[in-house]
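Sequence order for the protein chains is Y and H.
Mind the numbering: the first sequence is residues 1 to 254 in the working numbering, read in order.
Mind the numbering: the second sequence is residues 1 to 399 in the working numbering, read in order.
These aren't lab readings, by the way, just hints derived from the structure by calculation.
Subject to a maximum C-alpha distance of 30 Å in a straight line, what follows is the list of computed DSS-like cross-link-like pairs (lysine-lysine):
#, chain 1, residue 1, chain 2, residue 2
1, Y, Lys222, H, Lys275
2, H, Lys275, Y, Lys231
3, H, Lys144, Y, Lys6
4, Y, Lys6, H, Lys170
5, Y, Lys190, Y, Lys150
6, H, Lys349, Y, Lys231
7, H, Lys386, H, Lys58
8, Y, Lys54, Y, Lys93
9, Y, Lys150, Y, Lys102
10, Y, Lys6, H, Lys167
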Amino acid sequence: MTGFFKRLPEAVVRVGIVFLLFITTVSFARWMIPASLKNGREHRTATVKRETAKAIHYAGADACTECHKEINAVKTEGYHRNLSCETCHGAAKNHAEDPDVKAVTDKVREACTRCHMYDPSRPTGFPQINPVVHNPRKQCVECHKPHSPKPPHVPQECQACHGQIARTKEVSPHVDLPCTTCHTVDVQHKVSPREVRAQIPSDRSFCAKCHSIDSPVKETQKVDIKTHGEKYLCWQCHYPHEPELHSYGTKTLP
Amino acid sequence: MHTAAHAMLFLLPQTTGYIFPNEAEMPWSLLIVVYPYLTGLVAGAFILASLVKVFNVKELQPVYRLSLLTALAFLLIAPLPLLLHLGHPERSYEIFLTPNLTSAMAMFGFVYAWYLMVVLLLEIWFTYRRELIVWSQGERTVMKVVYRVLSLFSVDTSEESAAFDRKAIKVITIVGIPSAFLLHGYVGFIFGSVKANPWWSSVLMPIVFLFSAIVSGIALVTFLYMVLTTLRRERINMACLDKMASFLFYAVILDFSLEFLDFIHRLYESEESIKILSELVMNRLFFSLGVIQVLLGMFVPLGIMVLIRVLRLDEELRKLLYFVAVILIQLGIFATRWNVVIGGQMFSKSFRGLMEYKAKIGGMDGFLMTLVLLVLPFIVLTVLIKVLPPWDRPESVAR
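Go ahead and model the full structure; you've got the sequences and the hints to work with.
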């Protein structure tokens with residue numbers, strides 16, 4: 001064995017020692033690291049333990065009802081019925097256990113805009129405003145009751161709640177068609193949109209009214225609806241609020 | 001959360017067409033442009049060095065060591081942009097100690113460690129081992145200790161040991177070439193394998209990256225060689241310079257052909273993304289791709305080198321023109337990285353809109369940090385050159 005080492009060039013021995021040292025250090029460091037950082041399963045168990053050991057700050061959605069019956073009753077009637085009290089008042093476990101500890105109430109505009117500021121990723125119909133132009137310099141709670149927010153008057157335009165769709169239609173070939181051409185909408189839809197639904201066209205014959213080759217409507221492109229995309233609804237291929245075709249590249253991309 | 005929403009309000013007006021809500025902000029910033037740029041320089045510089053040892057290109061001997069040190073200096077800085085971009089550079093050791101074996105991104109750690117330890121450091125050590133012993137004997141102060149430690153307390157200066165060094169270097173270089181390909185091919189792969197992004201997703205990506213790496217590496221070493229030699233008030237070895245330039249010439253042609261091939265291929269395939277990609281190229285990337293990358297970074301340098309060949313210009317003029325060419329090429333390659341990284345994030349996955357990128361000035365991943373990261377390798381290189389002079393000293397011309 002020693003003979004073998006003697007015969008190795010000294011450079012190899014020295015480099016070998018450095019590599020050995022390196023590998024030993026790394027292995028040692030790996031060995032020192034607790035298993036919970038190396039093994040996925042143990043990592044999750046340890047995380048659960050660590051998190052459950054933390055102090056609880058929130059009392060939960062039902063804790064406030066007991067003492068704030070009236071407010072809760074108001075809230076359950078209004079648009080904010082699905083919001084937990086602590087969403088706006090912050091963690092209030094201490095207060096629920098001992099009312100002498102005050103709960104926080106944030107009245108600044110930012111407390112509302114975090115949910116209501118315009119953001120195209122929010123779902124259809126979600127009430128959104130642009131805080132820059134929507135009654136700036138006043139707090140939201142001056143006009144809207146936070147526990148039962150209602151717009152002071154019912155919005156007249158579909159655009160108030162369907163901004164994205166309205167703006168899309170604005171630059172599409174369908175710009176001149178009012179929403180009500182295609183949707184039958186009860187006035188109550190604007191008051192309680194979830195209870196009173198708006199209607200959506202149900203079949204191909206609807207679009208055919210204007211686009212079929214035998215349609216009397218002028219100034220529309222015509223297709224033979226018997227053969228054109230026959231197995232599908234028209235809006236499985238054409239987005240009705242922006243039927244783009246020839247407009248692509250000219251209207252959408254300036 | 002709130003700042004993100006405000007950033008949206010600020011960024012949205014700068015987009016054109018339709019984009020998805022989560023596309024307004026770009027996740028990969030300037031630093032991710034610097035990262036492939038730096039690794040490219042490493043791979044390129046190393047391949048230049050390997051031309052001497054494996055392919056026996058004698059003319060390049062004067063820049064052999066310089067290119068090794070350049071590769072090392074840039075390699076040491078190369079992971080910094082990534083670590084800074086992740087936001088917690090101080091925790092980076094955790095990545096190295098608990099690597100994720102199934103992540104393509106984490107592979108960089110392994111490729112990097114292999115390349116640094118098994119290729120570059122070893123080759124440099126074997127190259128300098130004998131000199132280190134000689135230098136340590138000539139020194140008195142701290143440097144004596146430094147040289148002793150760097151030589152790993154080696155004492156053997158015999159001709160036999162030198163012969164072994166040479167053999168070792170050859171073997172390491174042979175292993176090193178595929179490793180250098182791996183290093184930068186990997187970087188290309190990371191982009192090329194993103195199948196959701198038509199601007200990146202291409203099997204040619206690793207190869208295109210590789211050749212642009214070789215181009216940038218040779219150009220950088222040429223630049224350094226010219227500047228350093230002038231600073232040392234020595235004569236530039238014209239044979240060496242001409243040889244580097246001719247390699248550079250062929251590399252640029254190859255690089256250009258590959259990118260052109262990619263371009264033709266995309267045009268002919270004309271997939272559904274082609275419209276938005278042409279919008280991208282004609283609008284957002286017109287300057288950085290059309291003007292800087294292709295015109296200034298490829299055509300002008302190629303023109304210069306053709307001119308030099310055809311007109312047989314005299315030395316002074318040749319030097320001047322080479323100098324201009326390598327700077328332009330450097331600029332062009334940086335633009336190439338920009339066009340890949342930033343360009344790939346400038347169009348919406350809906351293929352119907354374009355985003356805009358505004359670099360931050362300050363902060364851990366801003367413009368100033370980018371400048372720092374681009375200067376840092378040169379500072380490291382200065383230190384390396386001070387400690388391990390890459391020029392043949394009169395007393396060490398033994399080899």
